[in-house]
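> Protein sequence lines correspond, in order, to chains A and B.
Each number in the numbering used here corresponds to the 1-based position in the first sequence with 65 added.
Each number in the numbering used here corresponds to the 1-based position in the second sequence with 2 added.
No wet-lab data here; the hints were simulated from the structure.
A couple of the hints might just be wrong.
[Claimed, not checked] Listed next, the in silico DSS-like pairs over lysine-lysine satisfying Cα-Cα at most 27 Å (straight line):
1. LYS185(A) <-> LYS576(B)
2. LYS241(B) <-> LYS209(B)
3. LYS195(A) <-> LYS151(A)
4. LYS151(A) <-> LYS576(B)
5. LYS644(B) <-> LYS185(A)
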Amino acid sequence: MNDIKPKILVFSTEKISDPAIDLAGLLKMYYPATVYTITVPCSSSIKPRWIMHAFDAGFDGVFIAADGTDCPYSENCTENTSNIVKQTQDLMRQKAMDTARLKMAAICSVCSEAFVRQIKTFYDYLINQKQNENA
Amino acid sequence: MKIGVYICHCGSNIADHVDIEKVRETIGQQKDVFLVKDVMFACSDSSQKEMVEDIQSQGLDAIVVASCSPKLHLPTFREVARRAGLNPYKYIQVNIREQCSWAHSNDHKGATDKAIKLIEAGIEKAKRSEALEPIKIDAINAVAVVGAGIAGLRAAIELADMGTDVYLIEREYFIGGRITQWDELFTTNQTGREIITKLYHQLISYKNITLFTGAEIVETSGSVGNMEIKVRIKPRYVKPDCVFDMDKFEKAIEVCPVEVEDEFNFGLTKRKAIYKNYPGEFPEVPAIDHDHCTRCGECLKVCEGIDLEQKEEFINLNVGAILLATGFDPYEPKEGEYGYGQVPNVITLQQFKRLIELCPDELVYAGRKIHNIAYIYCVGSRQQNGPNRYCSRYCCTAAMHTALLVKQKYGDIRNFHFTRGIRTYGKQEHIYHEALEQGDVVFQSFNDPLCEVGEHNGTAVVKINDFLTRGKPMELEADLVVLITGMVPRKNNTIAQLLKVPVGRDHFFNEVHLKLRPVETVIDGVFISGASQGPKNIMESVNSALAAASKANNLVKKGFISIEPTIAFVDADKCQWCDKCAQVCPFDAFEQVDYNGKQVARVITSLCKGCGMCLPVCPEDALQLHNYTDRQIEAMIEDLAKAK
Numbered sequence: 066m067n068d069i070k071p072k073i074l075v076f077s078t079e080k081i082s083d084p085a086i087d088l089a090g091l092l093k094m095y096y097p098a099t100v101y102t103i104t105v106p107c108s109s110s111i112k113p114r115w116i117m118h119a120f121d122a123g124f125d126g127v128f129i130a131a132d133g134t135d136c137p138y139s140e141n142c143t144e145n146t147s148n149i150v151k152q153t154q155d156l157m158r159q160k161a162m163d164t165a166r167l168k169m170a171a172i173c174s175v176c177s178e179a180f181v182r183q184i185k186t187f188y189d190y191l192i193n194q195k196q197n198e199n200a
Numbered sequence: 003m004k005i006g007v008y009i010c011h012c013g014s015n016i017a018d019h020v021d022i023e024k025v026r027e028t029i030g031q032q033k034d035v036f037l038v039k040d041v042m043f044a045c046s047d048s049s050q051k052e053m054v055e056d057i058q059s060q061g062l063d064a065i066v067v068a069s070c071s072p073k074l075h076l077p078t079f080r081e082v083a084r085r086a087g088l089n090p091y092k093y094i095q096v097n098i099r100e101q102c103s104w105a106h107s108n109d110h111k112g113a114t115d116k117a118i119k120l121i122e123a124g125i126e127k128a129k130r131s132e133a134l135e136p137i138k139i140d141a142i143n144a145v146a147v148v149g150a151g152i153a154g155l156r157a158a159i160e161l162a163d164m165g166t167d168v169y170l171i172e173r174e175y176f177i178g179g180r181i182t183q184w185d186e187l188f189t190t191n192q193t194g195r196e197i198i199t200k201l202y203h204q205l206i207s208y209k210n211i212t213l214f215t216g217a218e219i220v221e222t223s224g225s226v227g228n229m230e231i232k233v234r235i236k237p238r239y240v241k242p243d244c245v246f247d248m249d250k251f252e253k254a255i256e257v258c259p260v261e262v263e264d265e266f267n268f269g270l271t272k273r274k275a276i277y278k279n280y281p282g283e284f285p286e287v288p289a290i291d292h293d294h295c296t297r298c299g300e301c302l303k304v305c306e307g308i309d310l311e312q313k314e315e316f317i318n319l320n321v322g323a324i325l326l327a328t329g330f331d332p333y334e335p336k337e338g339e340y341g342y343g344q345v346p347n348v349i350t351l352q353q354f355k356r357l358i359e360l361c362p363d364e365l366v367y368a369g370r371k372i373h374n375i376a377y378i379y380c381v382g383s384r385q386q387n388g389p390n391r392y393c394s395r396y397c398c399t400a401a402m403h404t405a406l407l408v409k410q411k412y413g414d415i416r417n418f419h420f421t422r423g424i425r426t427y428g429k430q431e432h433i434y435h436e437a438l439e440q441g442d443v444v445f446q447s448f449n450d451p452l453c454e455v456g457e458h459n460g461t462a463v464v465k466i467n468d469f470l471t472r473g474k475p476m477e478l479e480a481d482l483v484v485l486i487t488g489m490v491p492r493k494n495n496t497i498a499q500l501l502k503v504p505v506g507r508d509h510f511f512n513e514v515h516l517k518l519r520p521v522e523t524v525i526d527g528v529f530i531s532g533a534s535q536g537p538k539n540i541m542e543s544v545n546s547a548l549a550a551a552s553k554a555n556n557l558v559k560k561g562f563i564s565i566e567p568t569i570a571f572v573d574a575d576k577c578q579w580c581d582k583c584a585q586v587c588p589f590d591a592f593e594q595v596d597y598n599g600k601q602v603a604r605v606i607t608s609l610c611k612g613c614g615m616c617l618p619v620c621p622e623d624a625l626q627l628h629n630y631t632d633r634q635i636e637a638m639i640e641d642l643a644k645a646k
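Excised from the complex, chain B in its bound form (with noise of 0.2 Å):
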């Protein structure tokens, strides 16, 4: 066997620390080295140039390259094994800078001498490698997107003008999601409804889009590329084929007997079984709430265009890819959070934007109006004792922004903050100024709980030992407390259970690299945007919503899909099908066929996906991963253990 191995100097990364000079020696001593040569920069140009012509002229059976982390160069020497007609898993990359010369800069015999075993076990690992080849599978060229807020309407746009088809499917009746419930926003000062009107006039422009409102995905098949869903749509009782005629329909929602919570407004006032949130909302056509409607048909005698014996539907459909773009849920306060549901007038962020577009000329709560707003931040956010550890990120610009807003809109308010220190990070700390400026009082603590909110009187009284003046208590009657509520994951996040999408600690979803993969999941083909994978603001959600449709696109386009090969397979002659492998397995990527008249477990390569998980649990002791077997393993290990 021929191997080639580069040891690379890093400029003085490496050399400065690893006698360089001694490992070439030593490795070009070792059986079935062919070939070994030191080089400044492996990456380079130059260096890559070398290894193509090395590889072809000597006829190089495996290559070792020894430098760097290989998160950052694996990809390169991989296409570098490829251009010189080398397959690409017969390279192997050893890392002798981050886990070598910079962790012993302070020991150069010990790094040099751990240099030499981490390329001896490398070459072990090379000597077993495999040829390995990627596993082609066929794409269909349609994306399903889950949720139409503001994320998944601009990821939908997205693909369907980069030509791939879209199945955008809302659950809600009508599309536009959280933002709607927001009237102006930071920084255009746009209302959250006219960007989604926007969106959604263009949404309705291209024919490759299919949009399902009151639906949900039920059911989950086929791996990526040819992934089956199918789709349970609740009946909107409204004839799809009527004359639209919004007075008649304003007619059955008036007699519609009725009335419910209204969970737009957060409570704050109730609505009818027959609804629309808002009077330009999308689909223009009311919807009848499947679960509260008594079907006693009142609305029937004033509208014809109801129709009330409609029925669920299931639709099958098949999709190359999958994004998901289901948002958040506020933080709901705990009974007594801050005096919330005990003292009076302590409400949300949320319920006081709703609160806000409620009160056209004055702002009034429970009868009484408001002058004195007291704003309690990080409320279920940057929890101390409690889960939520993570900064919510929005919220302090939504708070600073709404503050102004309700001066501007009704003057004779007084706005005073009780924070744990402000975040209006970027270009929104403009707002903490102009707030400020405005008069707006900030009171600072880091206590938990920040502040205590008590009652005189039937007034809310907020008391807070001040670290901006030295820890003086300080204490406020106000007419309203505002809870700056934070984001949480979904409460109903049945899709991710179906998909089988990791969670993070904080239990919205994971993407497999913050940084470097940051709207991709471990699930080929499912991709995550806007706040379903954490606490995100607009923008932020649009980039990773723009994000997910590039990367979903460039999967699915072409009409067929590479994957890793890395993946698990089984030794048929001494597997006993126990089922413990297909029982661990996250991904169903086990069945269980017939090998030579016995039950065997047989990897489905376009579900596995070469975690390894199986490999421990089998008691035959037969699997194996590809690039990992036990041959590569254990032979790395005995060289390993060598070391003096």
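Just chain A, same shape as in the assembly (with noise of 0.2 Å):
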């Protein structure tokens, strides 16, 4: 049996990708309870010391649940949270630390099913990452 667990954060938003995270859950589309969000008005706001921070304070990963074209405040929100990653990419690499600890994915408000898939595909990928390290 597998006992890592890795933990990842998710930033989501109130009006499109929390939603599908809801609705992830009455669907009962499961993914691994190490999965934390937090609910922020719009992916475009996300902060990268924010990320650091949650890299800083043990996360695993972080997944940014991103608006994307159905951005209700702007047009350019995926440009401006895609924008927000390279920042933070570049934050990691000075720090020598994998970018690909850091994944953005535009979730749709009824996306549940490819939001778990990304959360599914993303906590293996951290499983594998865990496993090389104590390899």
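Each of the two chains sits in its own frame; use the hints to bring them together as a complex.
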């Protein structure tokens, strides 16, 4: 049995990805219980320092459930969120961290299946990385 | 600090998968947790009363409710806090149902551990919560309704009836929008014009409605409650105080030498530069098309009511809210799409509707008497490879209804429908059965393209591999091919850019939430209705127009508006005014001000929507969002990360 249970912090958005994550629960689309969500108004509002803080505090991965083209605030949300990811990845490189520990995907308000699929893939990736580190 | 924590069983929804007793015990040991209770249903009246009593009798500084998604009961518990005299923003909601007990009902231990961590993180947020007050701003009890089609007219009348002043702004010279182009309509067989005539007479009976035609909003400023709009009004070239004599205007139309393609008839006919689209059109006075009139003066010789010296006018209006009812454009097929523009006698549904009205006795197109009609469905909608993935909703019914009408009107007609599957939903299903009963033939395919349109000896030929006969190839010689074209967003949508109204991936206006807030946009005070927000039939357009009118009236009628205080704020000591926040803000909510001798950014509270897009772009990290401060987010992160 695998004892490695990576911790993932999800930044989700009030109006778009949070309803999808709620829907995943409603539909009993299981995903690991070590996935925690913090809700923000828009994925373009996430500060790189928050993401870095999550890694420093002990999270194995951070997943940004982005508004994408459904963002109710701006058509530029995808671009803005991508910039946040790029900036954070630069900070991660400076610390010689694996940039794949930060993942972003657009999750629409009914994309519960996509959310669970993305999270499971990410979770498996993080398990592999940890196993490699321990080997 | 005294924090009260309430853990909801939600009947068995949470309690069956989360060990509530363990959660209660663990949370009770947390510093600053003064009181922890588990309740069967936190949202029940008795639990709400208990919370109010606890807050008041125990002097709680903040409360955390661990129950369902905040989408359901955030307003409920904010109201509980308010009733108890606690600032509503000192209450934090923790979702241990959708994102915990239900999502991990296969892992009770995992769900219990997660519930504890989520509640602990909520407590950390509550400890750092700020007492926020809704921002109150004055509101003018007036609404600008943009677009005088069926949705705009209904919204304007409803708003006026509820006591709100209305400025109805129509870009065209005449009101009525698309439905004046349709003759008989399903289900009542009233004509579009009859409906518009009725609405126009109602409209002019209200003194608090001002109608502008040939008018367009060109500038906006201010924000919800007091928006200043600048309206450009094109000259109609008719003296406003002239004695209206239609005979003289008829003569003016007759002598006008300018002929242009008639958009009202989708290019099937020509019209003059001075025109009315149809005799009973409103306003009754004809207009001179500003863009095509050559100012030759022929009309002046026969009609003294004309004034070619009129100039464009600009007026400023102040309104509390704006209601958009700007409608749609019919999809224009590409050259060669199902033979359009290349094969003879291929027209769109909209052209066909006009053709029927223009042919009183027998159906003739391009000199040919029409007997066999092929209807090709979903042109420009449900595209497998194009951008329009959506279904345009109204077209199956419109096509079936037209097929019935054409047979009733001309008799000797055979209808052949080439479909992807008929969607005459709801009551409209009757019309499909009626069409089948009258002998219409239906073919179906899921291929893309649905069928092929070619030409044989000057006649259009439609070929399909028919799904309903196990893919058998079928071929039909058609006198007329009607492309059942759906709805697309307005080509000229400058109003969306002016008001910064978000559009969806289909490029129609985007509502905040399709089900829960279907006529509101994230721009406070801007409401959307009708087909401007996506394909709708007339009934659905009117429904959304009435909903938008009601929301707009409710917003402005009190004379003041309360807006969410969860907006951005600037640390002026850190700020160096680099302009990056102002550049990224979609709502122009930043202004440059002087602070202790240096230039800094300031948030304009009435414009900020609390999206937080400005936060990550500030190189000085001088921006934060109330209720999502660095201290709150980072404390939550630290707590969640402690999980084993």
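> It remains to establish, for every hint, whether it holds in the given structure.
Hints and how they fare:
With a CA separation close to 41 Å, the supplied pair LYS185(A) and LYS576(B) exceeds the 27 Å bound. Under the criterion of a C-alpha separation no larger than 27 Å, the hint pairing LYS241(B) with LYS209(B) is consistent with the structure, at around 22 Å. The hinted pair formed by LYS195(A) and LYS151(A) meets the criterion: a straight-line CA distance of about 24 Å does not exceed 27 Å. At roughly 24 Å between alpha-carbon atoms, LYS151(A) and LYS576(B) fall within 27 Å of each other, so this suggested pair holds.
For the proposed pair LYS644(B) and LYS185(A), the alpha carbon gap of about 21 Å is at most 27 Å, so the pair holds.
When held up to the earlier numbered hints, the structure conflicts with hint 1 and nothing else.
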